[in-house]
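Put together the whole structure using the sequences plus the hints.
There are 2 protein chains.
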Amino acid sequence: MDNNKTISANELSNNNPSYLETIFSIANGHFGVRASNPVEKSVTGGTIVNGFYETSAITYGEKAYGYAENNQTIVKLPDFRTITICDDSKNEFSKSELKDESLNMDNGVVKSVYKLSNKDNQSIELTLEIALQQLNNQVVGLRYEIKSIDYVGKITVVKHLDIVNESEVTDDPRKSRTVNTLNYDKAQLSDSCEKLKVTTEVSKLFLNLALCAKGSLEQSYDLGKSDSITLDYVGFVSDIGEDLNLEDTPSFDDIVKESSEFWQRFWKSSEVKISGDDKLNQAIHYNLFQLTSSTGRDGRTNIPAKGLSGTGYEGHYFWDTEMYMSPFFAYTNPKIAQELIKYRHSILDASKKRARQLGVKEGALYAWRTINGEEASAYYPAGTAQYHIDADISYAINRYYDVTGDSDFIEKYGLEVIIETARFWKNFGSYSNVAGEKKFCFFDVTGPDEYTAIVNNNYYTNRMAKFNLEFAVKLIDEFPVKSEDFGVTKKERDEFAKIASDIYLPYDKKLGINMQDDSAFEKPIWPFADTPKENYPLLLHYHPLAIYRYQVNKQADTLLADFLFDDISKNQLTREYDYYEKITTHDSSLSRSIFSALAARIGLKKKAYSYFTDTVRTDLTDLQGNTDDGLHVANLGGSWLTVVAGFGGIQVKDDTLEITNNLPDEWNELSVRIMFRGRLLEITYSAKETNVKVIEGKPLEININGAKQLVK
Amino acid sequence: MDNNKTISANELSNNNPSYLETIFSIANGHFGVRASNPVEKSVTGGTIVNGFYETSAITYGEKAYGYAENNQTIVKLPDFRTITICDDSKNEFSKSELKDESLNMDNGVVKSVYKLSNKDNQSIELTLEIALQQLNNQVVGLRYEIKSIDYVGKITVVKHLDIVNESEVTDDPRKSRTVNTLNYDKAQLSDSCEKLKVTTEVSKLFLNLALCAKGSLEQSYDLGKSDSITLDYVGFVSDIGEDLNLEDTPSFDDIVKESSEFWQRFWKSSEVKISGDDKLNQAIHYNLFQLTSSTGRDGRTNIPAKGLSGTGYEGHYFWDTEMYMSPFFAYTNPKIAQELIKYRHSILDASKKRARQLGVKEGALYAWRTINGEEASAYYPAGTAQYHIDADISYAINRYYDVTGDSDFIEKYGLEVIIETARFWKNFGSYSNVAGEKKFCFFDVTGPDEYTAIVNNNYYTNRMAKFNLEFAVKLIDEFPVKSEDFGVTKKERDEFAKIASDIYLPYDKKLGINMQDDSAFEKPIWPFADTPKENYPLLLHYHPLAIYRYQVNKQADTLLADFLFDDISKNQLTREYDYYEKITTHDSSLSRSIFSALAARIGLKKKAYSYFTDTVRTDLTDLQGNTDDGLHVANLGGSWLTVVAGFGGIQVKDDTLEITNNLPDEWNELSVRIMFRGRLLEITYSAKETNVKVIEGKPLEININGAKQLVK
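Line by line, the protein sequences give chains S and H.
Under numbering that gives the first Met the number 0, the first sequence is numbered contiguously, ending at residue 711.
Under numbering that gives the first Met the number 0, the second sequence is numbered contiguously, ending at residue 711.
These aren't lab readings, by the way, just hints derived from the structure by calculation.
Keep in mind the model is a prediction, meaning the values are calculated, not measured.
A portion of the hints provided could be inaccurate.
Note: identical chains are not told apart, hence a pair may lie in one copy or across any two.
Calculated cross-link-like contacts (lysine to aspartate or glutamate; reagent style DMTMM-like; alpha-carbon spacing at most 20 Å) [to be verified]:
(1) 437 / 521
(2) 62 / 586
(3) 360 / 533
(4) 437 / 507
(5) 360 / 529
This is how it looks when you write it as structure tokens:
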């Protein structure tokens, strides 16, 4: 076993139970199980099902027309790990101590070892192994092994699907709200099986859970001094709105086998090897493992902001998917990238409605945060005003197309999204006079940087809209018949082209850099010298108006556009990097990965390495102090992006794969596996050379460090 | 009796009971009584006490640092008008028909005549007269007269302080929220008197109400065919936090006498006579009567947005006071203008705290809407971001000083407010490069026009801040010793002066007009042609982002600055008026009065007259359809402003009263009474001449139609 593919609790500095619940949570895209202590009935533990949410009316201090109407809150379901073990006096072994906990990323098994004691301080050892099926992803397997430490005698074991108590109410916008409108309907199918139907009162969703024991759900044993009692259980989570078929219950070993095979295949196409820093390599493995676990793979769900490891941000899907996470899938597992695009296609109607609510006559505006497609952001200046999400989705579709060349899929699912988002930009923007020229402008928008809101001509937004419109023209020309089905005329196509070329891109001549927005450089720079360290993140310590009136960035904004398009000179990029870095707090976990990748591209090797090492272990070190709410899943994807697009310098330009070796001096060697146009490639970087090997598929001409080369 | 000083229900087109409750409500600055039907237990009727509010936590969909924490909601208290009249079978006369209702503005009495019927359809006539004491303003007098129509027999009359049911919950931000946290403690003092202590559970305020009958609170009479039974009651409303002294209960006739004397004196100093249009004259009388009734006169309260005639806008005080209502008092009843300033002085500490919450190191920021001084606006883009309220208050203090010359008061109450608001501007703004020059700028602000939010260098805000700082310098020079007490140094004084002269005032060279804000003219103009009439007011039919991204104004913004400062050429003013008028919807009731006054100043006589006639009867015609929630009190003041500052062309410049005759062609004559520097003046305008008479006080040199003149 690769020792970079395990994580143990004793390697972590934080041993807070709810933190460990997150770190050792496992998931399969459909549902996740937090690694709760099984005898302590944790209120933060439980099962999280992707896309299973309850709605409630959003309450506004002052409501206005077109505001998001409803919260969509992912709910916590009964905890499959919970178990009750009693001694011969029917007293529970309720005191517990975690002795060891580990995740094996080669087979997807989490193993937890506890010392449990009864009220007489007699102890037993409980080992819990848990694994999820990944392909038939409704199944969780649990194996409990009980050994005596100093207790011998009768043991009674009871295990049911217990209803979870929701944790308390909070004001922190990053956490989730409490849901108290779940209805439970329990059916005892046999001694060994029970089923629980869970219905959400308001959103009217339901699903079924089941728990089956190998023996009985309530049973007794005699525990001798050197006995070891093994108890296997299988849990089930139906799809939303479906019943369960419990006829073929796999064994625990079957489940581990399936899981193991899945992860073997996964590493084959996704392996990243860093020689020279095992800790970093372990972290990147962990990130890819959890990112993949977090990701919906059914075309109806997406990637919640905390994956399936916690209910933070209410289980909503954001632009994080397209900008930080889907690149990994496009390059390693295009099938999953497809499903993520299908999800966006599935909520196109809701997005068209949203555009109408925003007073835009044609096109679609994707919700800033949502599960069901409806806007759920209750603060429009840093929500709905981030119109750029439309172009972010378009960008991801283009990336998928670039990497896979899969035109069938694009025609079927991509084209309509691209046309409707292009229509949005056309109708949302307007021509205005800029220094004597008629330019196409966008007013009152918010870019990625949420410390600057409601501005005109945000560079990122404008640049992305330009791309979105250009891409629409490209696809319309490529799929003229299908485009006509969507009502596209020659006139509309030409309007898209004209607007794309007329879009205003703010540039400061004196500084020689792209300008975040029309008034960005007029504002004073945030008084960093007067800001104590404990006042970060600023959003928790300053009124939005106090932040907005200064030049201060939460995250990469203009620089993100530079990263995505690679369309400015290295000199300009260096100037921009220098300017924006000075005003960026990185209060968003989406920031450092981009700064790192760009630094690598510029050749600022030390900086690139330092930003990367700061964040690749964000969750493993609890860098932001809130990993207990769930993993920072976008950052998991961001770390891959840094390695592959930053240090590995991989991008697609004009249908050609380009590779630039930006290897940090600290590493002996880096090797990454990616898929490109049906091939599996392994790219190995060292200080001296850049090697590309075609593992599967035909030879290919690519551009390595500026020179075309045929690789086999 | 002047027939322009009465209003009868039969002159009104709307006879909806809750509308009439507002129109015939009466108040005395301390409390108001809505004109409910006394036998119908109206849920919208009741007593409203200025400044008596309950608090509750504001719920946000997504909360952020520094947001307003609590609602402050003015509460409705028991209705003094309610009475129960039963026939000899103890059945109530519960069916009622309003026969006639009228307000006499010469004595302040409202008289309502009802036909009441029992279940056998036998009827009596009930006449209710109500009046409030105005100086000792804790007292309300009620006289009920009962006559037979076709019922004769025993009559039982019961009258108590009945607890009001709150009306239902609403989402309309203009209405008030429901309060269910009032505690009532009733004491029966005697057969004829009862007392009710009302406590608010959360804000911990209390007051006492009392009701005393001339005879007993429950009594029986024999009603013969031509009998007339007269029943007098006196109600009391203590000050907030005070008990009541019920020893000297005035008679109903005493109360009417006191009220009558008050209103006689009032008209003597405030009379406006329009010859040529009785309806308009009636309306302006009504407006001044209700404005004065609505206004707190104790230095601890102010003017609620709906006066004391309804609970709309939760009884909050806004900038409306300083910009639309206090001018009337400064020019006719300076004592009341003083009290309004004292109120602002009393909440200076809360305002300093608020400035800190907004990240501004020094100075005070007044709450956009408040009763107790704390910010209660739950939507900062059209609330807290309207920083201009600081300068609005300063402007009102300066106006008071200009009109009265009362330097003692200014030193005692005005100076500190002016210094602290000037400090706010100094610390809130910053120097920025504007076309090569270092200018002092304000970023991310909202001007008066709430259809344009979070912009840079709003002209109105900048112009007002400049004034605020200049005024601070003037007062510091005038009151150097007292200023030192407030920590003002020579350095600070000079900084104020320097910043005032450096403040950037956006101006569009091509159009030759002041520019609403830095990006105002870049945005497309609102698609007025595509906007159906029923989509106004826009705020109820479009998302804020949909409104903000267009050039469209809810109300006068840049033009309001022009009106206040009269500092641009007539040509420029004409251009500006023309430009902004085309993009203004007048969706705010604060808009038309300023457009009218400016049109009068420019000489656009038809337009001035038309805007005036559109709004002077706003409530009497239920123009906005929501007078049932309460009077549009700012518009009451605005109509006076139009007459006196617009048609009458009255302003103070360089310590001199200036008068310009802008009489509309439709009027034969206009005469207004105002106070100026201790004198009572009567100014009479006709097409041919402008006559000024000193009614009380010494001769005075003033500027009439451009020529200095000594008037006696």
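Results of checking the hints against the structure:
| no. | hint | result |
| --- | --- | --- |
| 1 | 437 / 521 | between (23 Å within a copy, 11 Å between copies) |
| 2 | 62 / 586 | between (29 Å within a copy, 18 Å between copies) |
| 3 | 360 / 533 | between (46 Å within a copy, 18 Å between copies) |
| 4 | 437 / 507 | both (18 Å within a copy, 18 Å between copies) |
| 5 | 360 / 529 | between (46 Å within a copy, 11 Å between copies) |
Checked against the numbered hints above, the structure breaks none of them.
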